[in-house]
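Chains as they are written, first to last, in the working numbering: chain A, 11 to 45; chain B, 995 to 1504.
If you are wondering where the hints come from, they were derived from the structure by calculation, not from laboratory data.
Quick reminder that beta carbons are idealized off the backbone N, C-alpha and C, glycines included.
Don't take each hint at face value.
[Unchecked claim] Below, computed lysine-lysine pairings styled on BS3-like, alpha-carbon distance capped at 27 Å: (1) Lys-1449/B to Lys-1393/B; (2) Lys-1449/B to Lys-1240/B; (3) Lys-45/A to Lys-1412/B; (4) Lys-1346/B to Lys-1163/B; (5) Lys-1412/B to Lys-39/A; (6) Lys-1346/B to Lys-45/A.
[Claimed, not checked] Across the chosen pairs, the derived CB separations fall in these ranges: (7) Ile-35/A to Lys-1449/B: 53 to 61 Å; (8) Thr-14/A to Lys-1212/B: 21 to 29 Å; (9) Lys-1489/B to Ile-16/A: 28 to 36 Å; (10) Gly-1488/B to Thr-14/A: 45 to 53 Å; (11) Leu-1473/B to Thr-12/A: 55 to 63 Å.
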Amino acid sequence: MTGTAIFFMILLCGGIWGTLAWALIRTVKLEKQNK
Amino acid sequence: MSDKTKQKVAFTSPLLMAISLIAGSVGTGNIWRFPRVMATNGGAAFIIAYVIIMIICVIPLMMGEHIIGRSTRKSLPGAFRDFMGSKKATWFGSFLSWVVVITIAYYTVVVAWIIQYFVMSLTGAAFAPVDVEGRQALFDSISQHNVLTVVLYIAIQAFCCWGAYRGIKAIENSSKILLPILFCCVVILAIRTVTLPGAASGLNFMFDLQPAKLLDVKLWLEALTQCLWSAGPGWGICIAYGVYAKKKDDVALATTVQGLGDMSVALMAAVAIIPGLFAVLGEEGALAACGGGNNGLAFISLTGVFATMGMAGRFFAALFWLALICASITSIIAMYSIVIQPIEDMGVSKGKSSVIMGVLTIALGIASAWSMNVFNNQDFVVGQAMVIAATFSSIALMKFGLERTRTTFLNHPNTGLKMGKWWNVGAGPVFLAAAVIMFFWWCGLYIGWEPDWWKPFGVYSLGSMIWELGIVAIIFAVLNNKIADAMGKKYFNGKEFPDPVELGQKDEEE
């Protein structure tokens, strides 16, 4: 794999999956706060 | 309304609401359409365009749709009536509901095929044909004039209608079970395919960005199409599920999770499919497979790829079909809950509403289950109808006021994700302009494919869409006032979200 491909694989997959994980954690935290 | 038919009126928690929204959004479009379109439209450049469009205008519009549902606590026709403050606007919701009805009617056919391929993968019958022609013949025998397909189609419809009838708790429970199964299947497939010899060339093809491709207008239109047909604007899921959201739940965060979940599954599915195709078929063969349409990719090419893996191929093929079954069943249950709501809002019991919609959608889709030509025609009509329907929410938000929507409902005190003024532009004019361009672009493509476009009975004839949707539009226009009056009590006050209520409540004076 080229360096560009590895970079964009980490950027795109990490960006989307990482942001989803962050949003899910934030949802759970807010749920606890609002109880 | 008797106790038996009373439904629970709100999601148990914001997390379960977000999971249910993801489960509703994720469908076959993520698993077999996204990888195919991504591979034939520039790989990484397509993914970048797809992510940008989702963030700039599709997720913002879905937030707006969620607000329409939650602030009105009504089914689609009533929601548009109240949010736009006009009886005439009921028509938007009626038309949108119809789009969902015809979507269920043809989309369920795909699940009937998938279940047969799931069983045939386990028994090995799916791998009996040794060449492309043989696999095509097998698919034709299942998709054309097959009694078992029709029987399965009716059974799946009945099952999903029953799931929606069971209410919001059943939707939560099915999402809790089926979404993790879907994730696990796709992750296991991805791990297997990226470890195949030669799979790295597929990953390289996917992620080696060619910046010049970002200047290709077609790439952006394809990315917009994928966002619209996959994520959910245009079939009302955010409006319908917003009805069940609690007053304090976070709109922006829940819808962002929905959009990100939809993107995550699509990307994971691409990682699970494209490297496998490259490893087994080589670059030329893989691109030819992706160019063969959704059915060609899944039922012909991928079946061929799994066949090369021996006994393990049966297991991985079964996982692939299981992932598709989970994805599509949760979507169909979500769609059923959307179309049952308007009948309930008219004061009909949930049981009767479910039977009415079940019988109607089964009757409408039998022809698609029997004939591939009808199926292909409906696939095309629904695709275009969804684009039209998606613009309605954008128009409704503009009518109420985008800034007013943002400050009053979106950035409410309990939100964990505040939206800036850019949201007004994305959910309003940018989305509307993009959807209009996309609609006419597809019309142009269909006219190119079928020059006698005005004919009402051609498979890909624009005329068939105009006739079908035109007649429905006129019927709803004629019945508009009656439907608006039947929608019952108004909860929308333009200032705050009302508490969740049971559908079908009448005005006190009635």
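Are the Cα positions of Lys-1449/B and Lys-1240/B separated by 27 Å at most?
Violated: Lys-1449/B and Lys-1240/B sit about 48 Å apart, past 27 Å.
Range hint 55 to 63 Å: satisfied by the CB atoms of Leu-1473/B and Thr-12/A?
holds, 59 Å
With 53 to 61 Å as the target window, see if Ile-35/A and Lys-1449/B comply at their CB atoms.
holds, 54 Å
Cβ separation of Thr-14/A and Lys-1212/B, checked against the hinted range 21 to 29 Å:
holds, 23 Å
Holds or violated: Lys-1346/B and Lys-45/A, Cα atoms, limit 27 Å.
violated, 36 Å
Restraint check for Lys-1346/B with Lys-1163/B, where alpha carbons must lie at most 27 Å apart:
holds, 19 Å
Between Lys-45/A and Lys-1412/B, is the straight-line Cα distance small enough, at 27 Å or below?
The hint holds at about 20 Å.
Lys-1489/B paired with Ile-16/A, Cβ distance criterion 28 to 36 Å
violated, 51 Å
Hinted pair Lys-1412/B and Lys-39/A, Cα distance within 27 Å
holds, 16 Å
The hint says 45 to 53 Å between Gly-1488/B and Thr-14/A; measuring C-beta to C-beta, is that right?
holds, 51 Å
Lys-1449/B paired with Lys-1393/B [C-alpha distance capped at 27 Å]:
violated, 36 Å
The structure shown violates the earlier hints numbered 1, 2, 6 and 9.
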